[in-house]
Amino acid sequence: MTDGLEVRKVEFRAGQAHILRGADLCAGTGKTVALLGPSGCGKTTLLRVVAGLERPSAGKILFDGEDVGEIPAYRRGFGLMFQEHALFPHMNVERNVDFGLRRLGWEAARRDRRVGELLETVGLGGFGRRTLEGLSGGERQRVALARALAPEPRLLMLDEPLGSLDRGLREHLVVELREILRHLRIPAVYVTHDQFEAFAVADELAIMREGRVVRVGNPGEVHGNPRTEFVARFLGLENIVDGVRDSEGMIATLAGVFGPVAGSPGAVRLLLRTEGSAVVESDGQNVVRGLVVARVFLGGLTRLVIDTVAGRLEFPMQTAPAGLAEGDEIRVRVEEVQALVSEQGEPLSR
Amino acid sequence: MDEGGAPLSSAFRERRAALALLAPALLFLAVFLAYPLQGILRESFTQEGGFGPLTEDTYFLERAWFTAWQATVSAGLTLVLALPVAYVLACYEFRGKAALEALITVPFVLPTIVVAVAFTALLGPQGVVNGALQAVFNLDEPPVRLLNTLWAILIAHVFYNVALAARIISVSWARLDTRLEDAAAMLGAGKGTAFLRVTLPLLRTPILAAASLVFLFCFTSFGVVLILGGPQYGTLETEIYRETLFLFRLPVAATLAIVQLIATFGAMWVNAALQRQTAQPGAMRRRSLAWTTGRRLTVAAIVSTIAVVTIVPLVALAERSVHGDAGYTLESYRRLDDNVRQQVLFVAPITAVRNSVSFALLTMLVALPLGTLAAHGAVRLRSSLAEAVVQLPLGVSGVTLGLGFLITFNRPPLDLRGSPAMVVIAHTLVAMPFVARTVAAQLRSLDPRLREAAAMLGASPLRAFVAIDLPLTWRSMLAGGVFAFAISMGEFGATLLIARPEYPTIPLAIFRYLGQPGAVNYGQALAMATILMAVTAAGFFIIDRLRYREYGGF
Chain A
1 MTDGLEVRKV
11 EFRAGQAHIL
21 RGADLCAGTG
31 KTVALLGPSG
41 CGKTTLLRVV
51 AGLERPSAGK
61 ILFDGEDVGE
71 IPAYRRGFGL
81 MFQEHALFPH
91 MNVERNVDFG
101 LRRLGWEAAR
111 RDRRVGELLE
121 TVGLGGFGRR
131 TLEGLSGGER
141 QRVALARALA
151 PEPRLLMLDE
161 PLGSLDRGLR
171 EHLVVELREI
181 LRHLRIPAVY
191 VTHDQFEAFA
201 VADELAIMRE
211 GRVVRVGNPG
221 EVHGNPRTEF
231 VARFLGLENI
241 VDGVRDSEGM
251 IATLAGVFGP
261 VAGSPGAVRL
271 LLRTEGSAVV
281 ESDGQNVVRG
291 LVVARVFLGG
301 LTRLVIDTVA
311 GRLEFPMQTA
321 PAGLAEGDEI
331 RVRVEEVQAL
341 VSEQGEPLSR
Chain B
1 MDEGGAPLSS
11 AFRERRAALA
21 LLAPALLFLA
31 VFLAYPLQGI
41 LRESFTQEGG
51 FGPLTEDTYF
61 LERAWFTAWQ
71 ATVSAGLTLV
81 LALPVAYVLA
91 CYEFRGKAAL
101 EALITVPFVL
111 PTIVVAVAFT
121 ALLGPQGVVN
131 GALQAVFNLD
141 EPPVRLLNTL
151 WAILIAHVFY
161 NVALAARIIS
171 VSWARLDTRL
181 EDAAAMLGAG
191 KGTAFLRVTL
201 PLLRTPILAA
211 ASLVFLFCFT
221 SFGVVLILGG
231 PQYGTLETEI
241 YRETLFLFRL
251 PVAATLAIVQ
261 LIATFGAMWV
271 NAALQRQTAQ
281 PGAMRRRSLA
291 WTTGRRLTVA
301 AIVSTIAVVT
311 IVPLVALAER
321 SVHGDAGYTL
331 ESYRRLDDNV
341 RQQVLFVAPI
351 TAVRNSVSFA
361 LLTMLVALPL
371 GTLAAHGAVR
381 LRSSLAEAVV
391 QLPLGVSGVT
401 LGLGFLITFN
411 RPPLDLRGSP
421 AMVVIAHTLV
431 AMPFVARTVA
441 AQLRSLDPRL
451 REAAAMLGAS
461 PLRAFVAIDL
471 PLTWRSMLAG
481 GVFAFAISMG
491 EFGATLLIAR
501 PEYPTIPLAI
511 FRYLGQPGAV
521 NYGQALAMAT
531 ILMAVTAAGF
541 FIIDRLRYRE
551 YGGF
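Residue numbers (my numbering), protein chains in the order written: chain A, 1 to 350; chain B, 1 to 554.
By construction, these hints were calculated from the structure, which means they are not laboratory data.
Any given hint might turn out to be false.
To be verified - If you want a taste of the chain B side facing chain A, the calculated C-beta under 8 Å gives, among others: (1) Ala-421; (2) Arg-449; (3) Met-456; (4) Leu-457; (5) Gly-458; (6) Ser-460.
To be verified - Here are the computed distance ranges between Cβ atoms for each label pair: (7) B:Ala-23 <-> A:His-90: 25 to 33 Å; (8) B:Ser-384 <-> A:Gly-126: 46 to 54 Å; (9) A:Asp-3 <-> B:Ala-20: 37 to 45 Å.
A quick note: this is a predicted structure, and the numbers were derived from the prediction, not measured.
Beta carbons: idealized from backbone N, C-alpha and C, even for Gly.
Here chain A stands alone, though its shape is the one from the complex (with noise of 0.2 Å):
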């Protein structure tokens, strides 16, 4: 029996699209999970089909090792935080998060408490009798997580909480969410497309394309070795390259030659990380050659943007070599490459 939520190979169709694919998903108890991917990959299908909302054309959801699938979404005792919030308008702060208490059957005196400390959690003490019109983005969004809160479910669902925020409240709240969220001692499951919301939020990332979860595990893995093209290029890992291998497991590319890295000879797609590289003088191995296109400030670092026989790749540095100017030759050196391969495990060849 497994702890938590599990989702088995759920599908899901509507009409003639078929948006979940056999999605499979874990939450342990105590853990937020990240589930990311672009937009339209099914992410909030798969929160709304947990939440019994939609109903699965496939497949199971469990929870605790009980299958939830026929219970109806008023009893599953699972917190959905939705998208855009949906506050009910006609209701004061208060009101909307004691609506859940309520259902519950507490009397007044113990829902009152309850609301009172959880407007305190999320930073909102005597906001209870303001109505939503006069509220913040931000203020509403923790009345939304106050509202999810509430009646203590036994899962919590967060469909892009901050997707309607500004980037620097965003970035705030973030770390604000994360310290609620570590208190609770329950799954969370927290949709996003934003990687570095995922990585900051998350004990682990599930990543999603066209209705499956591809990739699972922890935020430092999954980045440090991201496996697919997929997943790499999604998280931003974009200096890819094709080249072939031979039986030393060196790897020639038209931008270099790499490696070694371990593997049977033949056609390899190739990640070029950026971390630790560094321009250099001289050609040689694991080093790349090519054209400054462009040296883009980014506050600590620059990004060095250059173009080489196999494509555009591009390099954040700590610190840039003084003097160097857009169409100048240069040399950067590559301290990790890491063979990709296709979703289905097989190396990748064109």
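Could you slot chain B onto chain A? The hints should help.
Then chain B, alone, in the frame of chain A:
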């Protein structure tokens, strides 16, 4: 383990729930609309009937021709007056504009019988105009003889529909890009040319939509033609009435009803197609035109004209109702409980008031839940077909409905002969589309995720309805209820055919009193019409305050 069983898709479950919500309304329509219409169709094909008398002489052909002709002319005249009003509503912002809009819409919501009586009070032999002219010029005979003429019918039709047409056109007009006219001006077009070549062609669709709707209403106009036109002007609707109640030639009446149904559903279909073309999302309003002296004068002239045209017949009605031989008196109102004729088939007006209020309350009680559930079903189904089906009764005239009831509910399985229930059912059929429209309009703006959020917080579907749907849509339901009440109070055609003489409604009592000689009866008719006017106008202002105006599409 139910791996083998085919699980219902949620779309299917949603559909099933929506159909369940629609079911009561659909069942009601099947039994009380489709079944009577089927009866009419069958009646028209019986031996002695139908198309025989229709082709024997040209009488009915002339009536059909007249029906279409007067409806066309009415629609044309309505547009002539509606365009300037639409221009003012669309292009200017000024204080009291909302009040003006509400005021000029009042005639449209008044029962036909009230409008008809109001025009007799204004233009009849003892009317305000003739009274004034006789007094001033010392005449023995009333100089204005408009009653029982075509003009009386046309004027009443224009009075009735001008606000509706103006509102439909103004909504589109307000969305026209002013720069197009500017561009025309830059290309050397004068104001008149710009209007004729740019503005008018762009408004073609809404103008035609308005015209088709006015045509539809005038085509089936009953009370106005019957009372103001007199015996020499018959439309299909009044012919059906005469054939049914006086000549007892039901097959002929049925055939006429079929002909009329084809025309009304045709007009409805054209109107729906035009409205689909007109419907543009977004409520972009153009800025008010800058005020110049010329524009001020134009707007003032248009506003005062339409205000006077709207108010005068209504004031005339109220004035005549308190007008006595020796100055003003409340005599007519005091005698509302007096059955002057002392006849069995006559009742005191106060009884009619009581009947009407009872019928209206019952209609509200039936139409509100039916229409509300149907609106929920149609909105959840996202089906324009479902919405169209619920609106079908609008294409069936009152007299046709009454005829259908008479010939189908007179024997088992549904023998309702003489039952007051027939009146409530007929009124419900007329009122339900309005309830459904009003509620659906507000439901469409309700975010379905609010219900889902409630479900995620542990609320059952019923609980979610009570906690979310009800508080967020009660205004439209209240408006729908008031609508149903007002429609029932004013319904004339169907009630005239099916209500027993023992329980007349206000419109029926007014109609009977109009047909009786004597000042007392006429005074009582005026008093009751005034009361009915006050009740329906009050109802309309309540709806208007609730801001659920849906006249744009009926």
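Results for each hint:
no., hint, in the structure
1, Ala-421, "violated (38 Å)"
2, Arg-449, "holds (4 Å)"
3, Met-456, "holds (4 Å)"
4, Leu-457, "holds (4 Å)"
5, Gly-458, "holds (3 Å)"
6, Ser-460, "holds (5 Å)"
7, B:Ala-23 <-> A:His-90: 25 to 33 Å, "holds (29 Å)"
8, B:Ser-384 <-> A:Gly-126: 46 to 54 Å, "holds (48 Å)"
9, A:Asp-3 <-> B:Ala-20: 37 to 45 Å, "holds (39 Å)"
Against the hints set out earlier in the document, a violation occurs for number 1 only.
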